[in-house]
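Starting from the known structure of chain A, arrange chain B on it as the hints suggest.
Number of protein chains: 2
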Amino acid sequence: MGKNKVRVSSSVAREQLLVGPGFKLADIDPNSTPGFEGANGDAKELAAELFLERDEELADLQERMYARARADLPDAPSVLVVLQGMDASGKGGIIRRVFGSVDPQGLAIKSFKSPTKEELEHDFLWRVEPHAPKPGFIGIFDRSHYEDVLIQRVREFAPPEEIERRYGAIIDFEQRLVDSGTKVLKFMLHVGPEEQEERLLERIERPDKHWKYNTGDIDERELWDEYAEAYQIALERTSMPNAPWWVIPANKKWYSRLAVKAILLRTLRDMELEWPEVTFDQDEERERLEQSTAKILGE
Amino acid sequence: MGKNKVRVSSSVAREQLLVGPGFKLADIDPNSTPGFEGANGDAKELAAELFLERDEELADLQERMYARARADLPDAPSVLVVLQGMDASGKGGIIRRVFGSVDPQGLAIKSFKSPTKEELEHDFLWRVEPHAPKPGFIGIFDRSHYEDVLIQRVREFAPPEEIERRYGAIIDFEQRLVDSGTKVLKFMLHVGPEEQEERLLERIERPDKHWKYNTGDIDERELWDEYAEAYQIALERTSMPNAPWWVIPANKKWYSRLAVKAILLRTLRDMELEWPEVTFDQDEERERLEQSTAKILGE
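Here the protein sequences line up with chains A and B, keeping their order.
The letter at position 90 of the first sequence is residue 90 when you use the numbering used here, and the numbering goes up by one with no holes.
The letter at position 198 of the second sequence is residue 198 when you use the numbering used here, and the numbering goes up by one with no holes.
So here's chain A without its partners, still in its complex pose (with noise of 0.2 Å):
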């Protein structure tokens, strides 16, 4: 069978999935596939035949990000994905496979945990701000500042007003991020109770998963509701053109992980980012190079 018949279309994910006017996370179905759709069951294996394919074109465009950074370009860019969802739902999945074929040397990633006692003396921003990526680096942050309307609306963690006030701080904060040249994206892993309760079983069971497991996670799980309210909230009151939400259907592995890599291959295409010119004398430095053969070695 052809290619072109599965081939994702990455316009299609990224308008589909794309959190607009009208949004609805209730009519996302976490199993679907917009974009991919392999006739005959085979999807998932050439999913991952095209998602090989990519990792070379995005490894160059990351380091030319990085380049023109290195050569201090005044408008050297920078990338910060922001990955949310809940327990299980693949953020780290996303940024060992996604971002895997990426120098590690261009990747910045910040997880952040509960905030510790000093972090919770300042505003919820004081411990985020400090790892805004920095020119030419792409800059990870699995769970983020919407924590901060997520599971402290849902525990009631702070009063209603200061989550009010949250959301347009937020949008505050990424409108800075974009005009000091950083591309925005977010990324929510949409994934259904079934698969997490899929999950979790699997790091109740086995020896290799424990590690990731944490029995608080069943106490989030149990406000599943609470949590896609507060989702559609957040969504919807910070989907900015320059700072967009992108909702992911996260049931399937392989097609998540394609989804934002289609997404990311985008944007950066769409940066157009050229290799630096070069800033010396070319002729000058094959000289000086020649010479400082013949010093060393005598000649």
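Any given hint could be a false lead.
Said to hold, decoys possible - Pairs of lysine-lysine residues, derived as PhoX-like cross-links and limited to a Cα-Cα distance of at most 25 Å, are as follows:
no., chain 1, residue 1, chain 2, residue 2
1, B, 212, A, 295
2, B, 113, B, 134
3, B, 209, B, 44
4, B, 134, A, 110
5, B, 212, B, 117
6, A, 113, B, 110
7, A, 134, B, 134
8, A, 117, B, 212
9, A, 253, A, 209
10, A, 113, A, 44
11, A, 212, B, 295
12, B, 253, B, 212
13, A, 134, B, 110
14, A, 24, B, 295
15, A, 113, A, 134
16, A, 113, B, 134
17, B, 295, A, 110
18, B, 110, B, 212
19, B, 212, A, 134
20, A, 134, B, 209
21, B, 117, A, 134
22, A, 110, B, 110
23, A, 113, A, 295
24, A, 295, B, 24
25, B, 253, B, 44
26, B, 113, B, 209
Hints are computed from structural coordinates only; laboratory data are not their basis.
Remember, it's a predicted structure, so these values are computed and weren't measured experimentally.
Quick look at chain B alone, frame taken from chain A:
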């Protein structure tokens, strides 16, 4: 031909390349490939194959180390890899190719540039200490505190007695890391002046390599013999049983990458990294999971 004929002997590499008593940098041929002698010229291809074979094992061992740290085990270890070498000796390639197969979430890469004004106001280890790897991580220093006895010695940025003091301070610092559970592995990528010339020329010529070129690279290159002397002293003074140096012949990139990977793998294997024991009651958690499902789905 049989693979056995060219299989790299990691124990040979590990022992032959180790900096021990009587070590002379001048005796090491940058073109050599100790422990990996491919008779028929296709050693490079076979090396590539062997290289890939080990990716999965390396990723697995790192994940085990990370798991032990996440489980808050008191003996949770970490690894610190120090990379040194002249410009274009392949430090960046080692990070990308050797560590590219490891989950980037388990890496902490720090590239040390020329010290800032603030850094110079402190002891030379002040800027280094905060980057000691956390338990579970592989920390990678791209250049390191050794610059303070290399370029600083060659360029006389610090007086001789201060350089002298630093060897001891480095030994003490690394011993502290070892005492707190960090395996310290130090690699000097040993490239020859002719090979460096070719690589620098490539950076001068190729638009996708310009950004890696710095006109100052030639200034350092002209001090080749002085650097060789500074390396000789630093290596012999600071190669400790618990924090050894290996000098890796680096004219052949495939070899230097394979050798570093082999030594790293052997180190991780020797750590006997078991998955952490389960810390929760599996029956109880299975039960709680099931009940939460009934609650969410209203069954």
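Hints, one by one, checked against the model:
{"no.": "1", "hint": "212(B) / 295(A)", "in the structure": "holds, 23 Å"}
{"no.": "2", "hint": "113(B) / 134(B)", "in the structure": "holds, 22 Å"}
{"no.": "3", "hint": "209(B) / 44(B)", "in the structure": "holds, 24 Å"}
{"no.": "4", "hint": "134(B) / 110(A)", "in the structure": "holds, 14 Å"}
{"no.": "5", "hint": "212(B) / 117(B)", "in the structure": "holds, 24 Å"}
{"no.": "6", "hint": "113(A) / 110(B)", "in the structure": "holds, 22 Å"}
{"no.": "7", "hint": "134(A) / 134(B)", "in the structure": "holds, 22 Å"}
{"no.": "8", "hint": "117(A) / 212(B)", "in the structure": "violated, 43 Å"}
{"no.": "9", "hint": "253(A) / 209(A)", "in the structure": "holds, 17 Å"}
{"no.": "10", "hint": "113(A) / 44(A)", "in the structure": "violated, 33 Å"}
{"no.": "11", "hint": "212(A) / 295(B)", "in the structure": "holds, 23 Å"}
{"no.": "12", "hint": "253(B) / 212(B)", "in the structure": "holds, 17 Å"}
{"no.": "13", "hint": "134(A) / 110(B)", "in the structure": "holds, 14 Å"}
{"no.": "14", "hint": "24(A) / 295(B)", "in the structure": "holds, 23 Å"}
{"no.": "15", "hint": "113(A) / 134(A)", "in the structure": "holds, 22 Å"}
{"no.": "16", "hint": "113(A) / 134(B)", "in the structure": "holds, 15 Å"}
{"no.": "17", "hint": "295(B) / 110(A)", "in the structure": "violated, 33 Å"}
{"no.": "18", "hint": "110(B) / 212(B)", "in the structure": "holds, 17 Å"}
{"no.": "19", "hint": "212(B) / 134(A)", "in the structure": "holds, 18 Å"}
{"no.": "20", "hint": "134(A) / 209(B)", "in the structure": "holds, 21 Å"}
{"no.": "21", "hint": "117(B) / 134(A)", "in the structure": "holds, 20 Å"}
{"no.": "22", "hint": "110(A) / 110(B)", "in the structure": "holds, 15 Å"}
{"no.": "23", "hint": "113(A) / 295(A)", "in the structure": "violated, 56 Å"}
{"no.": "24", "hint": "295(A) / 24(B)", "in the structure": "holds, 23 Å"}
{"no.": "25", "hint": "253(B) / 44(B)", "in the structure": "holds, 10 Å"}
{"no.": "26", "hint": "113(B) / 209(B)", "in the structure": "holds, 19 Å"}
The structure does not agree with the numbered hints 8, 10, 17 and 23 stated previously, though it agrees with the rest.
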